[in-house]
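The sequence shown begins at 2 in the numbering used here and counts up by one.
What the hints contain is simulated information worked out from the structure, not anything from laboratory work. Predicted model only: the values in this text are computed from it and were never measured. We put the CB at the ideal spot given by N, CA and C, even for glycine. One or more of the hints may lead you astray.
Computed cross-link-like contacts, DMTMM-like style, restricted to lysine to aspartate or glutamate with a CA-CA straight-line distance of at most 25 Å [claimed, not checked]: (1) K158 with E109; (2) K19 with D35; (3) K47 with D15; (4) K91 with E40; (5) K19 with E77; (6) K166 with D143; (7) K19 with D46; (8) K166 with D117; (9) K91 with E109; (10) K91 with D46; (11) K91 with D37.
Have a look at the derived ranges for each label pair, beta carbon to beta carbon [claimed, not checked]: (12) T133 with I112: 19 to 29 Å; (13) P176 with V87: 46 to 56 Å; (14) P68 with V32: 17 to 27 Å; (15) L144 with A214: 21 to 31 Å; (16) A51 with R11: 19 to 29 Å; (17) D48 with R20: 24 to 34 Å; (18) A161 with G69: 15 to 25 Å; (19) T92 with R169: 38 to 48 Å.
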Amino acid sequence: MGFAVTQSLRGAIDRVPKRIWTPALDADGGVREDGDVAELTGLIDKDVLAKWPTGMRVIVRRERPHPGAQLSLFEERDGWRYQAFVTNTKTGQLAFLEARHRAHARVEDHIQHAKDTGLGRFPSREFAINQTWLALTMIAADLTAWTRLLALSGDAKTLASCEPKALRYRLLHVPARVTHGARRRRLRIPESWPWAAAVVAVFANIAAIPQPA
Numbered sequence: 002m003g004f005a006v007t008q009s010l011r012g013a014i015d016r017v018p019k020r021i022w023t024p025a026l027d028a029d030g031g032v033r034e035d036g037d038v039a040e041l042t043g044l045i046d047k048d049v050l051a052k053w054p055t056g057m058r059v060i061v062r063r064e065r066p067h068p069g070a071q072l073s074l075f076e077e078r079d080g081w082r083y084q085a086f087v088t089n090t091k092t093g094q095l096a097f098l099e100a101r102h103r104a105h106a107r108v109e110d111h112i113q114h115a116k117d118t119g120l121g122r123f124p125s126r127e128f129a130i131n132q133t134w135l136a137l138t139m140i141a142a143d144l145t146a147w148t149r150l151l152a153l154s155g156d157a158k159t160l161a162s163c164e165p166k167a168l169r170y171r172l173l174h175v176p177a178r179v180t181h182g183a184r185r186r187r188l189r190i191p192e193s194w195p196w197a198a199a200v201v202a203v204f205a206n207i208a209a210i211p212q213p214a
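Make a model of the complete structure from these sequences and hints.
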């Protein structure tokens, strides 16, 4: 899990010898440019370590930030951006452990999406009401996830990276009208809507899903 880069961790980072930093890996297993990893566990004060769970390790990644990124005063000294995480995994190369943690960030993203969908706030002090609210929130999260997988591709790909709030505004809250004529039902989307083409593509992708046998 992610770990805050505190003042004590900054002191440990300063004590990491240059030869200890090893190249980070990308998702495909190749060397990640301008990215290194190192373990800080042995450089942290023993009194601090004593308060942590047994076997907990602290690993830090440094990488060159993208243009315009905001750095802390500590990071501005050498131009590296630092991010730390903790693990109790005892074996494996540091680069592999760091790449695994970065891939796990998708789980944290989905948790944040669920919070934005309703998990972050419960409407009542009554357990039964909150239980129903939670069930509805999970259904909404599942529907959103399946919509991303099945419908937000091709010409609708511009909506795939939207957070739940943006997706609701651009897709679910589109000011469209349902009209009937010539025994057909039509969804009329204003041409001025910035994501009109993407919304049309969403419905086309859904219509193309094969019917269950």
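Verification of the hints:
Taking the CA atoms of K158 and E109, the gap is near 22 Å; set against the 25 Å cutoff, the hint holds. A hinted pair counts as satisfied when its Cα atoms are at most 25 Å apart, and K19 with D35 qualifies at roughly 14 Å. Between K47 and D15 the alpha-carbon distance is near 17 Å, which keeps this suggested pair within the 25 Å criterion. With a C-alpha separation of about 12 Å, the suggested pair K91 and E40 falls inside the 25 Å cut-off, and the hint holds.
Of the supplied pair hints, the one linking K19 and E77 holds, its CA atoms being roughly 18 Å apart against a limit of 25 Å. With a C-alpha separation of about 16 Å, the suggested pair K166 and D143 falls inside the 25 Å cut-off, and the hint holds. The hinted pair formed by K19 and D46 meets the criterion: a straight-line CA distance of about 20 Å does not exceed 25 Å. A hinted pair counts as satisfied when its Cα atoms are at most 25 Å apart, and K166 with D117 qualifies at roughly 7 Å.
About 23 Å separates the Cα atoms of K91 and E109, which keeps this hinted pair within 25 Å; it holds. Between K91 and D46 the CA atoms are separated by roughly 20 Å; this keeps the pair inside 25 Å, and the hint holds. At roughly 20 Å between alpha-carbon atoms, K91 and D37 fall within 25 Å of each other, so this suggested pair holds. About 20 Å separates the C-beta atoms of T133 and I112, a value consistent with the hinted range of 19 to 29 Å.
Checked against the hint of 46 to 56 Å, the C-beta distance between P176 and V87 comes to roughly 47 Å, which is consistent with it. Taking 17 to 27 Å as the suggested C-beta distance range, the pair P68 and V32 conforms, at roughly 22 Å. A hinted range of 21 to 31 Å for the beta carbons of L144 and A214 is consistent with their spacing of about 22 Å. Distance hint check for A51 and R11: the Cβ-Cβ separation is about 20 Å, which falls inside the suggested range of 19 to 29 Å.
As the Cβ distance of D48 to R20 is approximately 28 Å, the hint placing it in 24 to 34 Å holds. Between A161 and G69 the beta carbons are some 24 Å apart, a value that agrees with the proposed interval 15 to 25 Å. For T92 and R169, the Cβ-Cβ distance of about 44 Å falls inside the hinted range of 38 to 48 Å, so the restraint holds.
Consistency with the previously given hints is maintained throughout, with no hint failing.
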